[in-house]
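Novice: In order, the protein sequences belong to chains A and B. If you read the first sequence in our numbering, its first letter stands for residue 1, the second for the next number, and so on. If you read the second sequence in our numbering, its first letter stands for residue 1, the second for the next number, and so on.
Hints are computed from structural coordinates only; laboratory data are not their basis. Ideal Cβ placement from N, Cα and C applies to all residues, glycine included. Please note: incorrect hints may appear among the correct ones.
[Stated by the list, open to error] Incomplete in silico selection of chain B near chain A, CB under 7 Å:
| no. | residue |
| --- | --- |
| 1 | Tyr-38 |
| 2 | Asp-42 |
| 3 | Ala-53 |
[Stated by the list, open to error] For lysine-lysine, the following DSBU-like pairs were computed, each having C-alpha atoms within a straight-line distance of at most 35 Å:
| no. | chain 1 | residue 1 | chain 2 | residue 2 |
| --- | --- | --- | --- | --- |
| 4 | A | Lys-50 | B | Lys-17 |
| 5 | A | Lys-305 | B | Lys-32 |
| 6 | A | Lys-28 | B | Lys-43 |
| 7 | A | Lys-50 | A | Lys-245 |
The primary structure of each chain is shown beneath.
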Amino acid sequence: MPRVIIHIDMNAFFASVEQQTNPALRGKPIAVIGSNGRTVITTASYEARKYGVKTGMTIWEGKKQCRDLILVVGDNRKYTYTSSRIVSMMHDYTPLVEVYSIDEAFLDVTYSLRYIYNAPERIAYLLKARIKESFGLTCSIGIAPNKLLAKLAGEMRKPDGLTVIRPEDVSRVMENLPVKDLCGIGGRTERRLNVLGIYTCGQLGRFPVKILREKFGIIGERLAQMGKGIDDSPVVPAEEENEVKSVGHSMTLRQDLSDRDDILKYLLQLSEMVGRRARRYSVSGKTVSLYIRFADYLTSFGKQKTLQRHINQSDDIYRAVISILDSVELSQPVRLLGVRLSNLNYHTEQLSLFEEERRKALVAKAMDTINDKFGDFSILFAGLLKNEEKGSRVISPAWRPQGIRNVHVQ
Amino acid sequence: MMQGIPIRVAVIFEPGKKAMPVWFQLNRRQHKVLETTYFWKDKVGETPHFHYAVTDGEALYELIFSPVDQSWTLYRQQTE
Numbered sequence: 001m002p003r004v005i006i007h008i009d010m011n012a013f014f015a016s017v018e019q020q021t022n023p024a025l026r027g028k029p030i031a032v033i034g035s036n037g038r039t040v041i042t043t044a045s046y047e048a049r050k051y052g053v054k055t056g057m058t059i060w061e062g063k064k065q066c067r068d069l070i071l072v073v074g075d076n077r078k079y080t081y082t083s084s085r086i087v088s089m090m091h092d093y094t095p096l097v098e099v100y101s102i103d104e105a106f107l108d109v110t111y112s113l114r115y116i117y118n119a120p121e122r123i124a125y126l127l128k129a130r131i132k133e134s135f136g137l138t139c140s141i142g143i144a145p146n147k148l149l150a151k152l153a154g155e156m157r158k159p160d161g162l163t164v165i166r167p168e169d170v171s172r173v174m175e176n177l178p179v180k181d182l183c184g185i186g187g188r189t190e191r192r193l194n195v196l197g198i199y200t201c202g203q204l205g206r207f208p209v210k211i212l213r214e215k216f217g218i219i220g221e222r223l224a225q226m227g228k229g230i231d232d233s234p235v236v237p238a239e240e241e242n243e244v245k246s247v248g249h250s251m252t253l254r255q256d257l258s259d260r261d262d263i264l265k266y267l268l269q270l271s272e273m274v275g276r277r278a279r280r281y282s283v284s285g286k287t288v289s290l291y292i293r294f295a296d297y298l299t300s301f302g303k304q305k306t307l308q309r310h311i312n313q314s315d316d317i318y319r320a321v322i323s324i325l326d327s328v329e330l331s332q333p334v335r336l337l338g339v340r341l342s343n344l345n346y347h348t349e350q351l352s353l354f355e356e357e358r359r360k361a362l363v364a365k366a367m368d369t370i371n372d373k374f375g376d377f378s379i380l381f382a383g384l385l386k387n388e389e390k391g392s393r394v395i396s397p398a399w400r401p402q403g404i405r406n407v408h409v410q
Numbered sequence: 001m002m003q004g005i006p007i008r009v010a011v012i013f014e015p016g017k018k019a020m021p022v023w024f025q026l027n028r029r030q031h032k033v034l035e036t037t038y039f040w041k042d043k044v045g046e047t048p049h050f051h052y053a054v055t056d057g058e059a060l061y062e063l064i065f066s067p068v069d070q071s072w073t074l075y076r077q078q079t080e
């Protein structure tokens with residue numbers, strides 16, 4: 001039985017939420033930005049996109065494209081709440097929901113159709129109506145026999161579209177479709193395919209796999225399959241996702257820092273954020289990494305240190321990060337800092353044999369309990385008191401509505 | 001921690017539906033809620049907060065309801 005996969009993509013998600021919140025913004029070119037002074041455009045409304053405003057542009061670049069662009073500082077909690085509610089609606093139709101990002105998801109409705117809903121279009125229309133009714137938002141939906149084609153179908157009509165690619169239509173749809181339209185084929189791969197005389201998916205599907213394998217290595221075979229519209233990857237619900245390989249946080253600083261003590265304050269904060277999330281989900285890690293992006297934005301540095309034992313106490317992470325920092329000479333002021341714990345061990349909660357370690361763990365537990373009850377950073381290391389920005393302010397692409405990837409954003 | 005001004009709000013509580021602000025008082029003036037434009041929830045620690053973006057036709061307001069102490073605060077005001 002062919003699978004039936006639905007792909008849902010919320011249209012200009014953050015910008016649409018802001019336009020719903022503030023009626024004065026509806027129908028106008030707006031761009032959602034972060035609260036940090038060094039922010040970039042995270043989403044542009046469709047009205048702004050018409051002028052060429054794109055995600056990732058600086059405010060200056062956006063304003064250059066559209067003089068009347070209205071800038072709106074985003075409210076991450078509004079977006080994570082809305083996304084979680086929409087994902088919850090999706091679960092009313094199938095347990096097989098894969099959250100791809102905060103505004104995109106795949107649903108495998110193959111088995112929902114046989115007994116409950118006659119056609120996948122019915123599920124799509126019901127979801128569209130419920131999302132519109134609850135939040136005033138629109139989404140584009142693609143329905144196809146696999147994830148690759150469902151995403152492709154969803155991209156075909158935006159905003160507020162519904163496109164179905166039926167199994168019998170696949171080869172016709174693929175024949176003249178430019179290869180760059182497929183998810184996973186970026187500019188570089190497209191240029192390399194063009195060199196081989198491949199411009200359309202039809203050409204890609206017919207091209208000798210042997211040559212693709214020689215040119216692209218192991219993905220050569222996958223490219224050939226993509227050209228034919230074949231994709232066997234399953235829709236993976238949250239509970240079946242692979243365990244995360246690392247826990248990390250990073251932050252762009254309000255101003256470049258050169259002074260070691262100033263840098264340490266932010267490293268302590270990041271260590272606490274990493275440690276707290278690791279402890280909340282009972283994971284500990286053996287490898288600590290420090291990532292630094294310098295003031296020129298182009299130069300960066302990353303180094304890691306593997307320890308003798310697994311750790312998740314914030315001060316242990318902090319100490320490891322300091323030793324990495326002190327092992328290098330900073331060539332420029334620092335713009336961005338990141339701390340990561342990897343080489344993870346799950347479900348470990350072992351009390352140390354040593355009195356001092358045991359007391360430290362109990363203090364951390366007491367702090368975590370207080371912060372769980374009253375909010376993050378209600379009780380904190382004294383060294384963090386003067387930090388202006390505390391907590392995560394950016395929704396990571398890996399954000400999920402539940403589990404260890406569910407980072408509480410400000 | 002979220003800071004806001006405590007305010008008086010008239011609300012309709014209806015079984016099975018979320019509370020609906022009807023008017024609120026700010027600077028001794030009563031503002032009629034013409035539309036609740038958006039609603040969302042978040043938590044500070046264990047305390048849930050219900051956010052209402054409302055308009056009186058002149059400005060946009062963000063009201064927060066805390067079900068723990070049944071209090072309403074005005075968190076943000078933005079002239080349209």
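Novice: When the hints from earlier in the document are held up against this structure, which numbers fail?
Specialist: Result: hints 4, 5, 7 break, sorted rising.
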